[in-house]
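Could you put the whole structure together from the sequences, leaning on the hints where they help?
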Amino acid sequence: MQTIGNVWLWGGFGAVVIIALLIDLVLMRHGGPHKVTFKEALWWSVGWVVLALAFNGGLWYYLNETAGQVVANKVGLEFLTGYLVEKALAVDNIFVFLMIMGYFAVPEEQRQKVLIIGILGAIVLRTIMIFAGSVLLTKFHWLLYVFGAFLLFTGWKMWFSAGQEPDLETNPALRWMRKHLRLLPDYAGNALSVMRDGKRWYTPLFVVLILIAVTDVIFAVDSIPAIFAITTDPFIVLTSNVFAVLGLRAMFFLLAGMADRFHLLPYGLALVLAFIGIKMMLIDIFKIPTPISLGVVAVIIAATVVLSLKNPPKTGDA
Numbered sequence: 001m002q003t004i005g006n007v008w009l010w011g012g013f014g015a016v017v018i019i020a021l022l023i024d025l026v027l028m029r030h031g032g033p034h035k036v037t038f039k040e041a042l043w044w045s046v047g048w049v050v051l052a053l054a055f056n057g058g059l060w061y062y063l064n065e066t067a068g069q070v071v072a073n074k075v076g077l078e079f080l081t082g083y084l085v086e087k088a089l090a091v092d093n094i095f096v097f098l099m100i101m102g103y104f105a106v107p108e109e110q111r112q113k114v115l116i117i118g119i120l121g122a123i124v125l126r127t128i129m130i131f132a133g134s135v136l137l138t139k140f141h142w143l144l145y146v147f148g149a150f151l152l153f154t155g156w157k158m159w160f161s162a163g164q165e166p167d168l169e170t171n172p173a174l175r176w177m178r179k180h181l182r183l184l185p186d187y188a189g190n191a192l193s194v195m196r197d198g199k200r201w202y203t204p205l206f207v208v209l210i211l212i213a214v215t216d217v218i219f220a221v222d223s224i225p226a227i228f229a230i231t232t233d234p235f236i237v238l239t240s241n242v243f244a245v246l247g248l249r250a251m252f253f254l255l256a257g258m259a260d261r262f263h264l265l266p267y268g269l270a271l272v273l274a275f276i277g278i279k280m281m282l283i284d285i286f287k288i289p290t291p292i293s294l295g296v297v298a299v300i301i302a303a304t305v306v307l308s309l310k311n312p313p314k315t316g317d318a
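The numbering of the sequence shown is the numbering used here, which starts it at 1 and goes up by one.
Take these hints with a grain of salt, some might be off.
Across the chosen pairs, the derived CB separations fall in these ranges [what the hints assert, rightly or not]:
#1 ALA54 - LEU307: 28 to 36 Å
#2 ALA188 - MET99: 17 to 25 Å
#3 LEU98 - LEU307: 35 to 43 Å
#4 GLY102 - PHE286: 39 to 47 Å
#5 VAL71 - VAL26: 18 to 26 Å
#6 LYS199 - ALA105: 19 to 27 Å
#7 GLU108 - LYS157: 28 to 36 Å
#8 ALA15 - ASN311: 23 to 31 Å
#9 ASN64 - PRO107: 35 to 43 Å
#10 PRO185 - ILE117: 19 to 27 Å
#11 ASN64 - GLY121: 29 to 37 Å
#12 LEU120 - LEU42: 36 to 44 Å
BS3-like mimics (lysine-lysine), calculated; alpha carbons at most 30 Å apart, straight line [to be verified]:
#13 LYS287 - LYS157
#14 LYS139 - LYS87
#15 LYS179 - LYS113
Source of the hints: derived by calculation from the structure; they are not laboratory data.
Backbone N, C-alpha and C fix where the C-beta goes; we use that ideal spot for every residue, glycine too.
In structure tokens form, the structure reads like this:
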């Protein structure tokens, strides 16, 4: 496994993430559970983006001093491209979160708890999957073609399922829980389960957390192969992933009332996945330069956002 990561870079990254999470948790609890306003979510979203860019700037400066400008520029572009891809794919994940929380009528005060637990779980999951993927790619180069084909299939599937809201009633995880667990119809404050008549019953909050976790797994399976098309360095793959995930909670509340306005975004994400899949499958024939990849992804996302705003969905459309 070739990586720019050394003990100082890994240590610095870990410190930044831990401090950022602690600050987020402390401020989240400030004033007790509350409904997050659009203004609050906007400032937090901007803050997470600035933090990611500052980390990238610090990484560039360190590499420029220790490895030279060519390496620093290369790594900086790889991080930025990976971050943009993961951030864009996270939007689709948030739309699913909104649907799940709306379906179970999660109280506004409980949504922060669900999201922060989901984010912590996502960080742990991605760390495991990224290192496992890096080891596998080191030993089996042909897996790049498998990942590329998978991304093409995922992009095709996303394109033709755009606008169709998932049917939670047919969700395997939800069906399993309803069959094997005692589920309460109502919430019990922050409790995930309660004891009644000597039997344990699980609240809707527990069900939502499980469904969020399952969604995280599915999202990771889709998104992690995408960034391996940009770089196979586990340090860049993990850092760009984690910084994209850290802003999920703020982005959720930012998009909570605007999801319908970005109705064309799933088509853009499908094109991004297809492009990355093609890039991955051509890697041994023609390696698409990272600046071009960054430009293509940025243009696709920007175009679909602008088109969504200029052409609002018709009544009854998703």
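Taking the hints in turn, this is what the structure says about them:
| no. | hint | verdict |
| --- | --- | --- |
| 1 | ALA54 - LEU307: 28 to 36 Å | 31 Å, holds |
| 2 | ALA188 - MET99: 17 to 25 Å | 23 Å, holds |
| 3 | LEU98 - LEU307: 35 to 43 Å | 21 Å, violated |
| 4 | GLY102 - PHE286: 39 to 47 Å | 44 Å, holds |
| 5 | VAL71 - VAL26: 18 to 26 Å | 37 Å, violated |
| 6 | LYS199 - ALA105: 19 to 27 Å | 25 Å, holds |
| 7 | GLU108 - LYS157: 28 to 36 Å | 33 Å, holds |
| 8 | ALA15 - ASN311: 23 to 31 Å | 45 Å, violated |
| 9 | ASN64 - PRO107: 35 to 43 Å | 49 Å, violated |
| 10 | PRO185 - ILE117: 19 to 27 Å | 22 Å, holds |
| 11 | ASN64 - GLY121: 29 to 37 Å | 35 Å, holds |
| 12 | LEU120 - LEU42: 36 to 44 Å | 23 Å, violated |
| 13 | LYS287 - LYS157 | 25 Å, holds |
| 14 | LYS139 - LYS87 | 29 Å, holds |
| 15 | LYS179 - LYS113 | 26 Å, holds |
Of the hints listed earlier, those the structure fails to meet are numbers 3, 5, 8, 9 and 12, in rising order.
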